[in-house]
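Q: Protein chains in written order, with this note's numbering: chain A, 1 to 131; chain B, 1 to 177.
Just so you know, these hints were derived from the structure itself, not from any lab.
Among the hints, a few may not be true.
BS3-like mimics (lysine-lysine), calculated; alpha carbons at most 27 Å apart, straight line [said to hold, decoys possible]: (1) B/K58 <-> B/K70; (2) B/K70 <-> B/K143; (3) B/K143 <-> B/K58; (4) B/K143 <-> A/K114; (5) A/K114 <-> A/K4; (6) B/K58 <-> B/K11; (7) A/K6 <-> B/K143; (8) B/K70 <-> A/K114; (9) B/K11 <-> B/K143; (10) A/K4 <-> B/K143; (11) A/K6 <-> A/K114; (12) A/K114 <-> B/K13; (13) B/K58 <-> B/K13; (14) B/K143 <-> B/K13.
Spelled out, the chains give:
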Amino acid sequence: MSRKLKSALVFGMVIAVLGLTGYWLRDGGWLQMPRILDVPAVFGGSDTNAEGGKGPGGEGQAPGGEARQQPPQGQGAGQRHEQESGLNWDTLPGVLANLWIIAFIIAAVVYSTKVSGFVFRQTRPWWRAAR
Amino acid sequence: MAHKIKPNMNKTKFVLDILLTAAFVVSMKPVFTGENWHEWIGIGLGGAAIIHILINLKWVISVTRRFFGKVPRQARINYLLNLLLFVSFFLTVISGLMISKNLNTAQALSLSRDASMNWKQIHAWIPNVTLLIIGVHLALHWKWIAHTGQRFFALKPRLHARSRSIAERPELTPRPS
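Assemble the whole structure, with the sequences as input and the hints as a guide.
A: Here's what the structure looks like:
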């Protein structure tokens, strides 16, 4: 198998896997973009971003009424999760959603670097001549 | 001549990095682990991150010394991103420690209600930023991750000369006279 064909196959697989898993996670309401714009007031953000009692990764009140399949115990805003032992496997898709975000960023950065490198190499004669 | 066998730091680094990433992703969902485990995983993450930095300390010192001098642009970008990651990661850990129930830090340090609320807000926000920076950090080191991963799972054999038997190296087999 030629190197180009192998690269194209890998690219296709990456798109397919990310696309399908992303669709499944989004459909279940687990995939949410990290709220990096909700800067706390102490760092100069808006006071309306103050959501005390909210855990990391957007565990609390979801703005805009995003659909999310929460386990029956009700992991709402301000509620403390008083789990005695064991993992709450119902919320595993939430963990996978964060993993998906990391995988998406890796794929986006790696492939955009490859594409920009390719474009740079192809256009090198032109911008060298323009100097 | 006896050859010194060096421990394979790449494998150690690889395993540590996988555990670091997995632990961070898991700890971002306290509903999955429960608050108790969330806090202990967070504390463990802080320690593991320190070990990660110590393992790569040579690079950190080397680039810090030459940062404003002769350093490849890629290394400079990497350094700034790593610095950002360091700040956001340890802010995550520290803010978690400040609101820890297991350690009862707020009471121990006599934190005011406002101060506790501020730390809670920071701890709710900063892991989202850290998650994105971790993604970019892993992307910039993807070549190393893919290469080491393939060798770790024995998908690609080692190319080190000593690992190949003499039979595989025809230039070493004596020619018949």
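Q: The structure should be examined with respect to each hint, and the outcome stated for every one.
A: Going through the hints against the structure:
1. Using a Cα cut-off of 27 Å, the hinted pair B/K58 and B/K70 holds, with the two alpha carbons roughly 17 Å apart.
2. For the hint linking B/K70 to B/K143, the alpha-carbon distance of about 24 Å falls within 27 Å, and the restraint holds.
3. Among the hinted pairs, B/K143 with B/K58 is consistent with the structure: their alpha-carbon atoms are about 20 Å apart, no more than 27 Å.
4. With a C-alpha separation of about 12 Å, the suggested pairing of B/K143 with A/K114 holds against the 27 Å cut-off.
5. Under the criterion of a C-alpha separation no larger than 27 Å, the hint pairing A/K114 with A/K4 is consistent with the structure, at around 13 Å.
6. For the proposed pair B/K58 and B/K11, the alpha carbon gap of about 17 Å is at most 27 Å, so the pair holds.
7. For a cut-off of 27 Å, the pair hint linking A/K6 to B/K143 stands: about 16 Å separates their Cα positions.
8. As the CA atoms of B/K70 and A/K114 are separated by approximately 25 Å, the hinted pair is consistent with the 27 Å bound.
9. Simply put, B/K11 and B/K143 have alpha-carbon atoms about 15 Å apart, close enough for the 27 Å limit, and the pair holds.
10. Distance hint between A/K4 and B/K143 is fulfilled; the C-alpha atoms sit about 17 Å from each other, no more than 27 Å.
11. Pair hint A/K6 plus A/K114 holds up; C-alpha atoms about 15 Å apart against a cutoff of 27 Å.
12. Between A/K114 and B/K13, the direct Cα distance comes to roughly 26 Å. Compliance with the 27 Å bound is thereby established for this hinted pair.
13. With a C-alpha separation of about 14 Å, the suggested pairing of B/K58 with B/K13 holds against the 27 Å cut-off.
14. Restraint check for B/K143 and B/K13: satisfied, since their Cα atoms lie roughly 14 Å apart, inside the 27 Å limit.
Hint compliance for this structure: no hint is broken.
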